[in-house]
Amino acid sequence: MKLQFTKMHGAGNDFVMLDATREALALSPEQLRLLADRHVGVGADQILVVEPAPSADVDFRYRIFNADGGEVEQCGNGARCFVAFVRRRGLTDKRSIRVLTRSGIIQPRLEDDGRVSVDMGPPRFTAAEIPFDDAGLVPRLEAGFERWPLELGATDTSAANPSSTLWISALSMGNPHAVQRVDDVDTAPVGTLGPRIEHHRRFPQRVNAGFMQVMSPRHIRLRVWERGAGETLACGTGACAAVVAGMRHGWLQTPVEVDTRGGRLSIAWDGTGSPVTMTGPAAHVFDGHIEL
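Each residue of the sequence shown is one higher than the one before, starting from 0 at the first, in numbering that gives the first Met the number 0.
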């Protein structure tokens, strides 16, 4: 099978883009993992598939597969690349589109400066919506928003320090996030704590683990261990989740500049019930074909 693809990235979070608008595409988890493999495939954090609109109220359907081959609900940096990709392919001439994801409808918009803004929808906070098992846990309230104790015991991992407890903020941006505040993201143990948090039994669908350093009320630095992908250079929904958590705890004020290892994202949120808006770059890297 010869497959045409486009490689793109948003602030270093990189994607293989596939056009399935004219012909249905059904790739196995093994084929998806091969595409994402940086040694024998194209290499990507996620595989993004453009499909025809399933209803008249949206322009396209947007499917997201992590590097491990699993399908997930949302990807913010990918949404920015999505609108740039469909315009480049001539699939639409609109600057703003409505796109259906597994978690609902989002609206990416190409700005005059070449960046892309995405209406990511409102964050969700209930345990059932995240989902997060909070049974038996006693949170600390900080400015009225919960910070939850997360025990990293021997049942969660065989790594060292089995009795450590983290305090995290749990929320959903269409996908689950556990955000913790750290003193220095450069020295934060993302590579060791990230997978332990991702697979924690309290998150039945696994979770993205964010490590946030607050520089000022309108500036943070962020690293994210992504569910099914490991640490990435940037995570759009992770940036949204970190800013929302920081605002609810009283640490941040909208808008917030988020510095990731791959670049800067701008996040704005007007409070509970309002959608989160993310703005950042979307870059074309190259086009190609691969035999699967």
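Check the hints yourself; a few may be wrong.
Pair by pair, the computed Cβ-Cβ distance ranges are [claimed, not checked]:
#1 HIS198 - GLN252: 31 to 39 Å
#2 THR91 - ARG139: 28 to 36 Å
#3 GLY103 - PRO216: 25 to 33 Å
#4 THR164 - LEU2: 39 to 47 Å
#5 VAL284 - GLY190: 35 to 43 Å
#6 ARG263 - GLY89: 37 to 45 Å
#7 GLU128 - ARG86: 47 to 55 Å
#8 ALA142 - ARG97: 30 to 38 Å
#9 THR164 - GLY89: 47 to 55 Å
#10 SER163 - ALA23: 41 to 49 Å
#11 GLU141 - MET0: 46 to 54 Å
Treat the hints as calculated values from the structure; they're not laboratory data.
For clarity, every value in this text was computed on a predicted model and none was experimentally measured.
Every residue gets a Cβ at the ideal spot worked out from N, C-alpha and C, and that includes glycine.
Worksheet item: For which of the previously enumerated hints does the structure constitute a violation, in increasing order of number?
Response: 2, 5, 6, 7
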